[in-house]
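Asks: In case you want the letters, here they are:
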Amino acid sequence: MTRVVVTGMGWITPLGNDLDTVWKRMCKGESAIATIERFDASSFPTKFAGQVRNFDWTQYVHNAADHHEPAMNSQFALGAAKQAWEQSGLGSYQELNHDRAGIYLGAGEGVLDFSAHSMIDTHSWNVEDGKVDAVAWAKFATAQLDEWGEVEQEPNMPLWHLAREYELRGPAFNCLTACAASTQAIGEATSVLLRGDADVMLAGGTHTMLHALGITGFNRLTALSTFDGDPQKASKPFSRDRGGFVMGEGSGMLVLETLEHAIARGATPLAEIVGFGSSADAYRITDLHPEGRGPAAAMNNALSQAGIDAKTATENPPVQYISAHGTSTQENDLIETMAIKLAFGDNAPNVPISSIKSMMGHLIAAAGSVELITCIMSIQTNMLVPTINLDNPDPALDLDYIPNTAREAQVDCCLSNSFGFGGQNNTLVVKRFNP
Amino acid sequence: MSQSDNNKVVISGVGVISALGVGIDPLWEAMLEGQTGLKRIERFDPSGFASQVAGELAEDEFKVRKIVPKSHRKATKVMCRDTELAVGAAALAVENAGITTAGTSDDPPTIDPNRVGCHIGAGLISADVNELGAALVTSKKEDGSFDLEHWGSEGMQNLTPLWLLKYLPNMLACHVTIVHDCRGPSNTITCCEASSGLSIAESRRVIQRGDADACLSGGVEDRVNPLALYRQHCTNRLTETDGSGDMTQVVRPFAEDANGTVIGEGGGILFIESEISCNKRGGSPWCTIEGIGCRQSFTDTPLDADPHAIESAIGKAMSEAQCTPNDIDLIVPLGSGIRKIDSVELEGLTAIFGEALQNIPTITTIPFTGNCMAGNGAICIGVAAKAINEQTIPARLGSESTIGIDAAKCCAIKTSIKRVLVVTPSEGGQCVALILGRVGT
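Residue numbers (this note's numbering), protein chains in the order written: chain A, 1 to 435; chain B, 1001 to 1441.
Source of the hints: derived by calculation from the structure; they are not laboratory data.
Since no wrong hints were added, every one of them can be taken at face value.
Listed below are the simulated DMTMM-like cross-link pairs for lysine to aspartate or glutamate, each with C-alpha atoms no more than 20 Å apart in a straight line:
hint : chain 1 : residue 1 : chain 2 : residue 2
1    : B       : Lys1140   : A       : Glu128
2    : B       : Lys1141   : A       : Glu128
3    : B       : Lys1140   : B       : Glu1154
Isolated chain A, as found in the complex:
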């Protein structure tokens, strides 16, 4: 039977740009949330975010000129992918069949030039008609917009950059299921490998919505925290006073390959992907199903594929950690807790759960990949990272959310949840590699 293992990982996050730095900071329960510097957000309802810092994408590619000024999401992807590729050892592997090395990303769109777009729309506004004068709009757009920047808006552009960098010619997909995208990408990349359609898949996500229109959109949805205090205290999943999510940005990338291929080239498996579940709420665009139907189905499907009976009560639950979607919105954290109870039954209180969004914010399409890497780091180090800012627990949320302090534990199997706006839900189960 084909098995799929992880042989490389990398991330670019608000907490840092390499595996060790980010992991150590998460184990210390540090927050990366700070005042937004990318644009002047001082008048916005939300003025803080988790922003990637000290990152120069040109240090992560062979030749920057090959990449034609990538948008920031592509820059992050290149940074994370280089770490993963190097860790996997594929960079020095000469026998790679490039037609059997593919990519599956959950990448968001490029960064919109809000300054230029606001100028174009307002200057072409026809007061009498109450709409844009399309002829004037075209004139201003031609003069003001960077043509290549608009091409880079397409969500499949990070895919091209990664293919260009590593000569990946195999199956290639980009999905964009909002906050669930990169978990879905990793799950479907695993499926591509299990089908025998590739030997290696570079999989993960990348996204930034840390621009004026992105913050505007989420502010209007009232989904973002507008916490009026220390930004580092703003993201507080599972707290009684949680008030919305905090925007983050970044990328997480993993090299997945069939165990057979990994062993044949002498690679070291870091973990094994054993389960993937996908579902749709099919309920409402703006609300989660009140009983957690969709998230529970995603978890059940993933656990079933992994051959794990999670419900039967036992002193040693078969899953030792859940990386929660844990956005810090009232609705998500409540519904996710209900769904975990549906999936884990009487075992639910015994499974530690945390949300790293408390420390780095919500990386949107990239969130799931970074959270899966967190799971694998937990397996490798036997450490569970905390949910910080959990000082005022919500009495309605009665599971073990690893409040504020990291915890040592034997960790052999983890589950990672991602739920997208609109009701697309995805769950992965990852295990310690056991030959």
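Dock chain B against chain A, hints included.
Replies: Below, chain B alone, put in the same frame as chain A:
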């Protein structure tokens, strides 16, 4: 994770919306007659753009409120045009498949909703510049500059609260899953022209691995708005025309004098189903999906195509279909009329078929519908399925002659069609090839 035994997957319902109408039949009839849906853009004044023609469906020909259940009518307010068209195409596919869902009646669903997935390709949905502009203009200073501080404190309040939800690409699939109560695996593929084919590849993979019995699958995109048109202008792929000439000659696939493509709106949703499920419910499959191959191009820019990717994707699809080039009766290429893309497509196809390529007829849809990007592949696949069913190749538009491939202007012909190759290279370098087979062959 284990892989269940493969089983056959069929297309058992077809829903297409294009510039030529709502449904596969008006498109097919127009294609038989050689009538194009391309014309000068009417939705806005395109005079500021070099390319002023599109495949545009008149707004009064399709009203989404008329086809959603009463319970979902309020949600139509947060649909962009792409989502409206996807919901419309899905309704057509469900009707054509002859199944009952929560979106069609109160009767029990034909298929367990937990076993129905949804994979819909979507594009980079461009904001409605009128909607956004109306809000932005409230933060315009007297000197004409934009006041970001005012926008943050007051201006953004002029944007409807759910504005963002209109423009998330996954909303096409989300609305469709809600209307039809599809609770199985759901995804949104965003790979430009390859989106539809890759979505169908994923639906087939999901069905074959046992996670669903059926999926609504395909892709839809609307490029007929100023921002989307501008973004295509940035790729230098559009033909320059003000719409005053012969519209049947605007897009000339594989012609030496081809000078670009035009945008369009539309796409298709197909009902993809395991043959076992289709037989069990007494469904009537249009065709079998015999093989799929997908590959990534390795190119100097994301706007180039790669003949090796096309050749390799077709090779993989043929391998799955257990067929040879001699078994292909019809090819539906992208045929965009973008000369450098057409020439690479030709190179990739020639690598597979050799000189025999000149003897295999093709269907090219873009001269009829415009390039609907994420929806384009689904239109191609819907037309290919129709061609198999009708044993007919519709007319072609474009140039009077092409070299190396049978893609010149011609009338419709009746012929025997057992297998069709649909191949789609995309902006960004993804390439997908599907082989569709006549049921029973």
